[in-house]
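**Q** Just so you know, the sequences run in chain order E and X. Oh and the first sequence: position 136 is 136 in our numbering, straight run, nothing missing. Oh and the second sequence: position 19 is 19 in our numbering, straight run, nothing missing.
Since the hints were made in silico from the structure, they are not lab data. Some clues are possibly wrong.
Once the Cα atoms are required to be at most 25 Å apart in a straight line, the calculated DMTMM-like pairs of lysine to aspartate or glutamate come out as [to be verified]:
(1) Lys362(X) <-> Glu226(E)
(2) Lys337(E) <-> Glu226(E)
(3) Lys562(X) <-> Asp76(E)
(4) Lys167(E) <-> Glu78(E)
(5) Lys442(X) <-> Glu113(E)
(6) Lys554(X) <-> Glu229(E)
(7) Lys442(X) <-> Asp75(E)
Partner residues aside, some chain E positions facing chain X, computed with beta carbon under 8 Å [said to hold, decoys possible]:
(8) Thr26
(9) Ile39
(10) Ile43
(11) Thr44
(12) Trp45
(13) Gly74
(14) Glu78
(15) Trp92
(16) Val102
(17) Cys104
(18) Ile111
(19) Ile172
(20) Arg257
Pulled from the structure, derived: some chain E residues nowhere near chain X, Cβ distances all over 10 Å [what the hints assert, rightly or not]:
(21) Ala80
(22) Asn192
(23) Arg200
(24) Pro297
By construction, the Cβ of each residue, glycine as well, lies at the ideal position given by its N, Cα and C atoms.
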Amino acid sequence: MMPAGILGWVMAASCSAAAAPIAPPTPSMFDPMGEPASIILNITWLLIGICGAIAVVMFTLIGYAIIRCRAVEGDDREPAQIYGSSPIELAWTVIPLMIVFVLCMVSARGIFELELETPPEGATEITVTGHRWWWEFEYEDLGIITAGELHVPLDDNSVADMFLTLKSADVIHSFWVPQLGGKTDVIPDRINHLWLQGNRAGTFVGQCAEYCGTQHAHMLIKVIVEPREQFDAWVATQQKDAVEDPAVAQGKHLFLRTSCINCHTVRGTVANGTFAPDLTHLMSRSEIGSGVAPNTPENLREWVFDPQNIKPGCDMPSMKLTRDEVDLICAWLETLK
Amino acid sequence: MRLAGDSEVSTLETPIGPATGRPPFLSQLHEWVTTVDHKKLGSMYVVCGIIYMIIAGLEASMMRWQLAWPGQTVLTPEEFNRLFTMHGTTMVFFVGMPILLGSANIMIPLMIGARDLAFPRLNAFGFWLFLFGSILLYFSYFGGQGLYGMGSAPDVGWFAYAPLTERTYSRGHSTDYWILGIFVAGIGSTATGINFIATILGMRCRGMTLMKMPLFVWIMLVDAILIVIALPPLAAAQIMLLFDRLLGAHFFDAQAGGSALLWQNLFWFFGHPEVYILILPAFAYVTEIIPVFSRKVIFGYPLMVAATVAIGFISLGVWVHHMFSVGLSPLINAIFMASTMLVGVPTGIKMFNWTATMIGGKIRFDTPMLFSIGFLCQFLMGGLTGIFLATVPFDWQVSDSYFVVGHFHYVLFGGLIFGILAATFYWYPKVTGRMMSETLGKWQFWLLIIGFNMTFGAMHVSGLLGMPRRIYTYQTERGWDLWNLLTSIGVIFQIAAFTLFAINLLHSAFKGRRAGDDPWDAWTLEWSTTSPPPAHNFDEDPVVYSRRPLWDLKHPEDPDWKYE
Chain E
1 MMPAGILGWV MAASCSAAAA PIAPPTPSMF DPMGEPASII LNITWLLIGI CGAIAVVMFT
61 LIGYAIIRCR AVEGDDREPA QIYGSSPIEL AWTVIPLMIV FVLCMVSARG IFELELETPP
121 EGATEITVTG HRWWWEFEYE DLGIITAGEL HVPLDDNSVA DMFLTLKSAD VIHSFWVPQL
181 GGKTDVIPDR INHLWLQGNR AGTFVGQCAE YCGTQHAHML IKVIVEPREQ FDAWVATQQK
241 DAVEDPAVAQ GKHLFLRTSC INCHTVRGTV ANGTFAPDLT HLMSRSEIGS GVAPNTPENL
301 REWVFDPQNI KPGCDMPSMK LTRDEVDLIC AWLETLK
Chain X
1 MRLAGDSEVS TLETPIGPAT GRPPFLSQLH EWVTTVDHKK LGSMYVVCGI IYMIIAGLEA
61 SMMRWQLAWP GQTVLTPEEF NRLFTMHGTT MVFFVGMPIL LGSANIMIPL MIGARDLAFP
121 RLNAFGFWLF LFGSILLYFS YFGGQGLYGM GSAPDVGWFA YAPLTERTYS RGHSTDYWIL
181 GIFVAGIGST ATGINFIATI LGMRCRGMTL MKMPLFVWIM LVDAILIVIA LPPLAAAQIM
241 LLFDRLLGAH FFDAQAGGSA LLWQNLFWFF GHPEVYILIL PAFAYVTEII PVFSRKVIFG
301 YPLMVAATVA IGFISLGVWV HHMFSVGLSP LINAIFMAST MLVGVPTGIK MFNWTATMIG
361 GKIRFDTPML FSIGFLCQFL MGGLTGIFLA TVPFDWQVSD SYFVVGHFHY VLFGGLIFGI
421 LAATFYWYPK VTGRMMSETL GKWQFWLLII GFNMTFGAMH VSGLLGMPRR IYTYQTERGW
481 DLWNLLTSIG VIFQIAAFTL FAINLLHSAF KGRRAGDDPW DAWTLEWSTT SPPPAHNFDE
541 DPVVYSRRPL WDLKHPEDPD WKYE
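If we strip away everything but chain X, and leave its shape as in the complex, we get (with noise of 0.2 Å):
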């Protein structure tokens, strides 16, 4: 089978060009745009994640000079309130995302033994119908002023409660544009987690059996399933609310019969299956990297599979416990608080594998593993803060404080990115072919490790003394102002960490030393074919015997599959 986008083809396209090294840049940009290579895919996908990574970083850090200090007028109420609109929604659909569905693009096929998805025409319109919904939103800057004059960019917040987001409050086109980006790049997510789940069901090389996939497949598969069954209900939801904004219905539109509470529940049922949507990623990539550094076999294989499975089955079941406060029944408020506990014991469960697997290993703290142990310590807290809100009269408290912006922070900051840089270490050389500088790669570590943790640990207390999210200024008399300090200081301890892993990415790709096909010693198959894999993957069709067929072939005297 020949693939449109394999580098013979664009080569025998264009024959202009030096005879040796690259093609002329028309023609490798015009690879790049027709690709359906999942590899290329799956690297646009990060990159594009971690561009906006950085855009949604910097509009964080100008909300935080403009709360440092109470009472400043660094930005207009308006201007704040579209900057943490945009920052929630750009983090969560355009940075989460993006790189949760490129990193799965690159390594499932690899680790699985394929040569690429299932669909890899849909993978092609999935990426694109991305990132051209990204730009759609960010457009809204240029083009949401409306009739009206009104607004530029949303500033609905990013689960734009009605009836705010009705036309009667949110005038001009900024809403409708908040809708449409999110819906397409939702089109496209959903396309994507289909073919995940057709691949990973269909295409595993000889000898992989279910129980024998590494667990990022697994998790990953998890993943794809909750994506199809969460995204389709946000998109009816904002099809309704399009209705009303542009067709006069009233789905959300209290004030003429509709429900304000529909939204919610619409929003959360796929917003609570969202958020484990973005972190079991950072599961998956923990779970290869931990085993490799700390040179032992996953703890307990069979019970982070069964854990995996529970944590997305009772994820679809917790939705209501970010209604806590809208005064519902108590014995729907106990129900819901039972389920949220109960996703604890699945995530404890793993929790504990973690930590087993590096008990009696022997740990090399190279820069994907600083960042997993940042990222189990991290996530523990957040996962503790987790159960605290959880209970539904300390959740009345702190609900909408800074409390949760910290807990959420330790979640997806503290969880989700510090994955997600742990992994970019690990497989940066199997992508490019070259190693990352550990030396920068380890500034990065304690910077943000300080960094973070300042700010969204000051966040925690701000909430316990009674700051409310979203706001654009406060009052010295509120007692608020040490930690809105200390939060907006720890800022710049991160922008000093992520200057240096842009740096650090734009370097290592040429100037890094050359990786070789395993500079990891690790199990897994993606490190048996070469660094970067050729465009087919692999030269055979690789067999396996065991989760680990990497140690098997190095360690044959002691295989895997003696034990399985």
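Isolated chain E, as found in the complex (with noise of 0.2 Å):
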């Protein structure tokens, strides 16, 4: 009675978010983005396919069961009593036998598609860090660490390939951007692999999809897919120490001087904090908290005076701080381009 409705839903569901504006659009993956998902996402036609020939046939019989075999007022005989058949249950066992041989078959090459120990050739090697409720990136070969926001470059081809390498700093995360493929557990003690593509400029979301404790909600990601000049004008940017500017010497002083780098690192300073997300270029981030608030002048200063209001349970405390002094901090902060 309801594989149709359901089939329907899946459609619709495919058809609207191919229809969605390009940023960020619906984690869909009816809308693959990529190699990865697109193998994915054949492989998913075909189970519709089998499945819901096996479900049209099962309901066929389950309704002709209901319509043509009710029983009439006043016939008080009982039907012909039918223990059994041996070939038609024969059939129902090889035939589904059958069936399972060949989407195991077609399934398993699928897995070793996808399944990658070694980067495909001009990939960007990114280490991810799962934190209780952020996701650190560190680009080895460029010497970047930044948070929450991953940024790709398309190559010649119009093809972005990422190989990321999994680790956790704590507990289980995991590491979920539908239309660029598939997820890949988090695990402190493993080191864990993924490759994902995007094939078009534009930014991807996903977030983390295994519990992970009390902000598990708000553990988002963002991928930025973009050419290769925006790319490299962003890891330029990224290389460099923190902006000096003496116009806000003061707000920079009052940070260095509380708690706040005891967690945070931001380069050319004393900050060198590593529990918390690098602030050395804060402001080329468009979100704060891990995706919980756009970064905006006004969501900093709450979130500085107080992220247990915006973010309840995250781990950072409210450091006490008067409005004053989070203006001056947050003036500080706002240079760090």
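Since each chain comes alone in its own frame, lean on the hints to assemble the complex.
**A** Structural data, given as structure tokens:
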């Protein structure tokens, strides 16, 4: 009674996803943006075909029984008792076995295609570390550490391959950006790899998919696929130390005097904590708190004043600063382009 | 043999009270507490299971209120996380388990013509361990605060992945309550499993060879064996976790050399057989109900037995399909994909055989049959999305998303709970002596069909659109608003349906029509005794010649034993 409805919903979902505006679209697996996600989608269509056919057969049989085999009022005779039939039962044992065999073969091929041990040629290699509750991205070749937003360049063929090395600093997380590929768990005593690919410029969203505690819901991921020049410009900025601006020295001084520096790094200063996101180029990111709020001056002030109001349960405490002190610190933070 | 819980005993012990009518309240209470009668213990299991089902349903409703629209603040994140942990834990351990143990408790001795289970006192022990285990878990709402003032109820999810459960990340004692509550209840379930096996193998009436047992009993035998195999590994893992938390061990403490995956392997080695432990009883219920209401013998009894045994066997070798995304080698993933899909074959055989039983029958659409047909259709959907999830590449997309939540609710709600409802309407007259209201039952059925499919159908879509499970809120830009709203609206229909069910259960207990011995014109032994059955079940030890002893009695000209 329900398969048509569900399939209809799935189709509607894929259509609506395709019609959605460019940035940031619904993270639908029916709107793939690269080879890994496309391989998975092709297998999905096969599954929908086979399982849909099974559903049609079963519902037809059940429907036939319901409509044609009703008891008639006043007819007290029992129907013919049929105890079974070996050929029929053999048929519905062997045919499903053959279907399972075919499905296994096709999907096993997909597994071996997608689970790569070494990076594909020209892939950007990034080490992803899951923290409660934010993502750290390290480009070891480029000497860049950032948080929450992952930048990757398109190559000459307009393809952006990324090969992620997944690590966790605390509990298990899971890295999932549906349009670029499947998910892989991020486990503290294990190093996993994940191949993703984007084939056009744009912003693709995802989030942590393994329950990791209080703020599991706010551990968002943004992958920004961009042309090479744009990426190079971004790299050049990220590689610099923090901007020095005498106009906001007072805020900087205040920041360095409070315990902010135990957790945060701002390169070029004494702040070198590694427990929390690197703030050296905070203003190059569009969101704060791992996607909990847009990075606007008001939000930033509210966040520094008391993060627990915006992201209750997160590890950053309120530093009990006055509003004036918050203004000073934020004025400095806003120069960290 | 005189049993301590027999009603004559209690009456003798409490001479005070009215000369006619019910004994005084205290002696009734005393009797329920001290009883070792399988029917009373079974009824208590089922009643407790239904009460916990209402509690866990309310927990789910609160979560759906929070998620109906994006960015709501009905619940804090901590409250939400506790709710989904308690909802899952309660539904699996304190709704599914007790109702299956209770129904098997009541029905196995009646169906095999025995007087009670093999070990009645062990049976009572199992029930009270379950009850106190569940109370221990819920006591965490009051006692889980711990030294640090952190947490009340557990908030680590029902599969409690390490190292989130380590002391570093889970302060206070809520996780300890989770461990101990389930551990205690699990000992009771294991004991009862052993009891079922001993009863079925040793106490069948004369003439009932293994291949003449009702399929209900066969399925419960396989179920009990699975319980005995699967629950001890969970208990072991929980003790290891308790050592980690209280004695400073490091089994699962990844930062100190422990293994996060060890917990997943141990837990799912229990956890996957567990979901078959939960769904097999639903198979057992509908395998009895569908033939009776189609007026036809079950199609292909020997193959049904073989399929049951095959499901039990294969289900012990599929647990890694919960771990496809942890980055195991392609070969391991492919092997467990194959074993997982393989379990679909015997399950498919069952679907076909149930349908073949209906075809050519003269189907009566009473409430038990309606819920059985609901079971067939919805379990089919859940089974097919199970094939989807077994396919590793697809699983990499949707594991831990709402698609999975939709899938297992189609199996465990659309399957198990619909089976339980069918069984309740079917056997309620046998247990209480009164019929449930058909009108209320049919209203409940249609409300539930609408609400269930709206809620859990829409969940599949939010999952395919990228919504992970266990998030307490979401952003409106993600395009999940409509589907979440639909999911939440469905809950309203379900609340209405279960309210009718509660009214029906209570009202029918006092005002329901008298049932008589055999209201459904059925064929298995339990319908040959009175409703409710006397403490000793049967006045004479039954003797059977076929799988349908009452059919033989009703149709002496054409008995079953000629064909089996």
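**Q** Does each hint fit the structure? Answer for all of them.
**A** Hints, one by one, checked against the model:
1. Lys362(X) <-> Glu226(E): Not OK: Lys362(X) and Glu226(E) at ~66 Å, beyond 25 Å, violated.
2. Lys337(E) <-> Glu226(E): holds (19 Å)
3. Lys562(X) <-> Asp76(E): holds (23 Å)
4. Lys167(E) <-> Glu78(E): Given pair Lys167(E), Glu78(E) is violated - Cα atoms ~66 Å apart, limit 25 Å.
5. Lys442(X) <-> Glu113(E): This hinted pair is violated, its Cα atoms lying about 51 Å apart.
6. Lys554(X) <-> Glu229(E): Answer violated: Lys554(X) to Glu229(E) is near 87 Å, above 25 Å.
7. Lys442(X) <-> Asp75(E): Roughly 23 Å between the alpha carbons, so the hint for Lys442(X) and Asp75(E) holds.
8. Thr26: This interface hint holds because 3 Å falls under the 8 Å limit.
9. Ile39: holds (7 Å)
10. Ile43: Since chain X brings a Cβ to about 5 Å from Ile43(E), closer than 8 Å, the hint holds.
11. Thr44: Holds - the Cβ of Thr44(E) comes within 8 Å of chain X, reaching about 5 Å at its closest.
12. Trp45: At 10 Å from the nearest chain X Cβ, Trp45(E) fails the 8 Å test, so the hint is violated.
13. Gly74: Violated: closest Cβ of chain X sits about 12 Å from Gly74(E), beyond 8 Å.
14. Glu78: At 5 Å from the nearest chain X Cβ, Glu78(E) passes the 8 Å test, so the hint holds.
15. Trp92: Because about 4 Å separates Trp92(E) from the closest Cβ in chain X, which is inside the 8 Å limit, the hint holds.
16. Val102: violated (10 Å)
17. Cys104: holds (5 Å)
18. Ile111: Interface hint status for Ile111(E): holds (5 Å vs cutoff 8 Å).
19. Ile172: At 6 Å from the nearest chain X Cβ, Ile172(E) passes the 8 Å test, so the hint holds.
20. Arg257: Violated - the Cβ of Arg257(E) stays beyond 8 Å from chain X, reaching only about 29 Å at its closest.
21. Ala80: The assertion about Ala80(E) is violated, with a minimum of 7 Å to chain X.
22. Asn192: violated (4 Å)
23. Arg200: About 18 Å separates Arg200(E) from the closest Cβ of chain X, which puts it past 10 Å; holds.
24. Pro297: holds (21 Å)
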